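Chains as they are written, first to last, in the numbering used here: chain A, 1 to 401; chain B, 1001 to 1381.
Hints are not guaranteed to be accurate.
[Claimed, not checked] Just some of the chain A residues that point at chain B, by a computed CB distance under 10 Å:
#1 A26
#2 L28
#3 P131
#4 G134
#5 D222
#6 N236
#7 W239
#8 E273
#9 A275
#10 D284
#11 E342
#12 V362
#13 D366
#14 K379
#15 S381
#16 N387
[As the list claims (entries may be wrong)] When the alpha-carbon atoms are kept at most 27 Å apart in a straight line, the in silico BS3-like pairs for lysine-lysine are as follows:
#17 A:K10 / A:K83
#18 B:K1267 / A:K396
#19 A:K243 / A:K83
#20 A:K143 / B:K1313
#21 B:K1267 / A:K243
#22 A:K288 / B:K1267
#23 A:K141 / A:K153
#24 A:K141 / B:K1267
#25 A:K141 / B:K1264
#26 A:K288 / A:K260
#27 A:K290 / B:K1313
#28 B:K1189 / A:K396
#29 A:K141 / A:K225
#30 A:K185 / B:K1313
#31 A:K185 / B:K1264
If you are wondering where the hints come from, they were derived from the structure by calculation, not from laboratory data.
This structure is a prediction, so every number in the text was calculated from the model and none was measured.
Glycine included, each C-beta is placed from N, C-alpha and C at the ideal position.
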Amino acid sequence: MDLDFSAEDKVFREEVRGFLTQNYPAELRAKQQNEEALTKEDYFSWHRILAKKGWAAPAWPVEWGGTAWSPTQKYIWSEELAKAEALPVLPFGVTMVAPVIYTFGTEEQKARFLPGIRDGIEWWCQGYSEPGAGSDLASLKTKAERIQGDDGKEYYLVNGQKTWTTLAQHADWGFFLVRTDPTAKPQAGISFLLIDMKSPGISVRPIITLEGGHEVNDVFLDNVKVPVENRIFHENQGWTCAKSLLLHERSGIAGVARSKRGLERLRQMARSELADDAGTLLADPFFKRKVAELEIDLTALEYTELRTLAGESAGKGPGPESSILKIKGTEIQQRLTELTLEAAGHYGAPYLRNVPHNLGAVGPDDAHGVAGAYFNVRKTSIYGGSNEIQRNIIAKVVLGI
Amino acid sequence: MDFSFTDEQSMLRDSVAGYLADHYDFDARRAAIKSADGWRPQVWKAFAEELGILGASFSEEHGGLGGGVTDVMVVMEEFGKALVVEPYLGTVVIAGGFLTHGAPSGAGELIGQIIEGKATFAFASAEPQGRYTLSDLKTTARKQGVGYVLNGHKAVVIGAPWASHLIVTARTGGAQRDARGVSVFIVDKNAVGVSTRDYPTVDGRRASEVTFENVSVAAEAMIGPEGEALPLVERVVDEAIAATCAESLGVLRRLHEGTLAYTKERKQFGVPIASFQVLQHRMVDMFIQLEQSISMTYMAHVKLGENDVERAKGVSAAKVQIGRACRFVGQNAIQLHGGMGMTDEMAIGHYFKRATMIEGEFGSVDHHLRRYEALSLDRAA
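Could you put together the complete structure from these sequences and hints?
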């Protein structure tokens, strides 16, 4: 057992750190610090800097622009990104649909879509959940029927509704699960389609979440014509693509590095906030105990993730054990926001969204928006397969019960 | 032993519930909290004139109905069910408490104005540095001639944008955190030197940062003994906590009932999700938290009439239970609603936000655990 990073890894870490220091856009950092709403261009500006360096899609096959980093290097990368509080590259293109395309797609499909994803040219969204198909995703009803177009080509005519579609308001393309065989068993009649979001018949309606943000949307599809060549893999075998994607989605979900950074911020805040006894909150025995417990929980998760990574290095793909990472990772993110809200005390209450705090401060800066963050991260134990579903997966697949 | 309500109390509950059903549904509330004012003065007027609830708890000699804390409990629970934002707590419970127990000159007149719906109050107590310690005060009241001059900054004063008057705690002596030297004043919000920065709160209320800059008040503005008012403040705040516990019962009931109804209706895998045992047990635990909270709220109200130590112990114990219940029931209500629970358009998230704010109001779980320990265990050791 050797848990140290190699000399090579340490050199790599320095390189990454130097790159982030020198290249992260100052105006983007200022916007993040002021909690201004980020635009599509904000996300893409950073993505394109990474793409130019060749680091926008580290996990991809090298021929399409991957870096061939070892799992340890990928881990260092995500850790340094979090430490630098750099915006993450949005997952919908690079880590969700792209692996499906390069694993199951045709050469034409790879050539058409992968460069636009890698280089931050096309924005993707995910059309999976429906109003009646959440945890039970395979019960989805959006249907796609084959038709012949006026141009003589074959199309799918897609009708239905998707929901919880993150950042669809910016999307150029979406990947959708649709039912192509209504007579087959639920999982058997599904196909995986790539749909141009500018197609006639698509409408996107915002869903405002309880903290007041607009991240998610309803997407309505009304007689949307999709060329048959936009289907990935075989007709009625889209579930195979969907399952492989869900595994990728889960493996990044532990968020260890970001939670570590969040813990640092919490400690910093608790050093300046005063407790009931006029000492600092971090010296308060009640609060200190809770922070220590959270740190220990996070350490356990970190080593569990490292073990998973070591397994991947040894050639094992991410398996159902990644459900552990999802469950614990999201619980820790939620606990972190609970403690941050507690630390803010009275100043957790003001709702100053869209009021730049430099227009006149209400309470300390680090209390700004903490209630909103607490409300917002409740989603993490719901999305990507709820934590109840993740426990079912472990029970069934790992424990065999 | 009798935990039942009198016929009068049941009638009060029915009339408040009936009014709120007609005038305070989710959409009406939503429109009101998004309006420029953030509240509805006509609702307040109806509380005074149509329902008579602003006077229900005051004694008959003050022109009230003599209903006391039990009437407050009944009203607050119904307010919790409808997520009422109007400043009943600050006005009737807190200002009413100070005026009744502190009996300053002119109390009768102000209570009359409260009952008629003409005076509204906010409690300017917390300060940026002080967390939940009531005696941690940098705000000063310096004697000048026959009156006082106030200077200081009060944090997150709930309901201040709607208030005609403020109840202000300030130091007339002693060091920043001393028990002695605490005094209480009634300040007209329009007095020269009072300035506010108003903002909404995450649970749909309005609050202000309030600053006092050389604000002159008359000697009669003082409530309770000069420099010795901390026991009075503690008593009134304990009454406010008990009332907030009662409000939380309304919130918790809606969270629990709403979740039960949703999971019976929502189908996944071909069956209502309420048929899954893991969710059943979760909802049973939510139910147990609700029942324990009801019990502790009743207990706290009974203890309000006892001596300072028993009252404080009872109230802190109840607030610990309610704080935990608000978190557990609130979080699980969202979880069991899935994505729907995250949306602004469903009521459940609004109950969750109110429950979350109640956790910290007048002291977090940690604060009240510590207060309970000091009163119950440290004294015995």
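Item to complete: Starting from the hint list further up, note which numbers the structure goes against and sort them upward.
Response: When the structure is compared with the hints, numbers 1, 2, 5, 6, 7, 13, 19, 20, 22, 28 and 30 turn out to be violated.
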